[in-house]
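> At the far end of the sequence shown sits residue 244, using this note's numbering, and the numbering has no gaps.
Hints were generated in silico from the structure; no laboratory data involved. Treat the hints with care, as some may be off.
[Claimed, not checked] The calculated label-pair distances, taken between Cβ atoms and stated as ranges, are:
no. : residue 1 : residue 2 : range
1   : Val-64    : Val-118   : 27 to 35 Å
2   : Thr-120   : Leu-92    : 34 to 42 Å
3   : Thr-53    : Glu-79    : 37 to 45 Å
4   : Trp-111   : Trp-164   : 33 to 41 Å
5   : Glu-79    : Thr-135   : 25 to 33 Å
6   : Ala-113   : Ser-75    : 24 to 32 Å
7   : Thr-120   : Arg-72    : 35 to 43 Å
The model shown is predicted, which means the values in this text are computed figures rather than measured ones. All C-beta atoms in this analysis are idealised placements derived from N, C-alpha and C, irrespective of residue type, glycine included.
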Amino acid sequence: MALRLFHVTEFAQSSISPAAQRSSWHPTTVLVLINLWITVAGNVPLWRAISRAPEAALAGHSVFGLTLYFALLCATSLGLLLTAFNWSALFKIVATMLLWLTALNTELLWTGQTALLLDVGHLKSDLGGLITHVSQRPWWQHLVFLGLLAALPTLWLWNLNIRRVRLGRRFPQNLLLALFWATALAAVWFIGRNSFLPVLQSTPWIDLLTPFNTLLSLVR
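Model the full assembly from the supplied sequences, consistent with the hints where possible.
See below:
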């Protein structure tokens, strides 16, 4: 009788029912996908700048090697950041904010408006210029950048059924995930500390590394 009542109630169709839980996405899977999307698609202006850089700027490195290193640097850092907010009440909100921040920065960088980049200094001194520039861009450009990089992933994310994990299990999972990202980030930093990192610091490419071009401005 209890089983029959379960099947005819709304609870049976809810996101916390056993059937829904089995067909839902694990939070870690969603985190990794959002991370990869922001890292790869959100940094297209950086990949373009590296591919067009003169030999002197590459400092003896290959385009593929630099691109791979900066992608790993961004992915491990972003993975650690997302893990800090990998809780049911926070993750979708934080991920959405990062998606839209990345999309707007990518549009500004792709159109050559580095001076209007979304960092604290520019927002304080030239917010009007940013609003004017954005309003004057053609609608199809906003559709491509904001629609593809932010709107579609946001719709996918908020319509996604993410598995509910009890706090007693989620906390150690997040702890292990944070340890993984921190170890990977330390390894990436160690490998490139004498070769790749000086290239990043000696070129304007650090300003193209989204979303950290904005996030780092908060602590400067």
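> If a hint holds in the structure, say so; if it does not, say that too.
Checked hints:
Evaluation of the 27 to 35 Å hint for Val-64 and Val-118 yields a failure: the beta carbon distance comes to about 19 Å. The hint said 34 to 42 Å for the Cβ distance between Thr-120 and Leu-92, and at roughly 28 Å that hint is violated. The given range of 37 to 45 Å is respected by Thr-53 and Glu-79, whose C-beta atoms sit roughly 40 Å from each other. Hint check: Trp-111 to Trp-164, Cβ distance near 37 Å, so the stated range 33 to 41 Å holds.
At roughly 26 Å, the beta carbons of Glu-79 and Thr-135 sit within the given window of 25 to 33 Å. Checking the proposed 24 to 32 Å range against Ala-113 and Ser-75 shows it is violated: the Cβ atoms sit about 41 Å from each other. The beta-carbon spacing between Thr-120 and Arg-72, approximately 26 Å, falls outside the hinted interval of 35 to 43 Å.
Violated hints, in rising order: 1, 2, 6, 7; the structure is consistent with all others.
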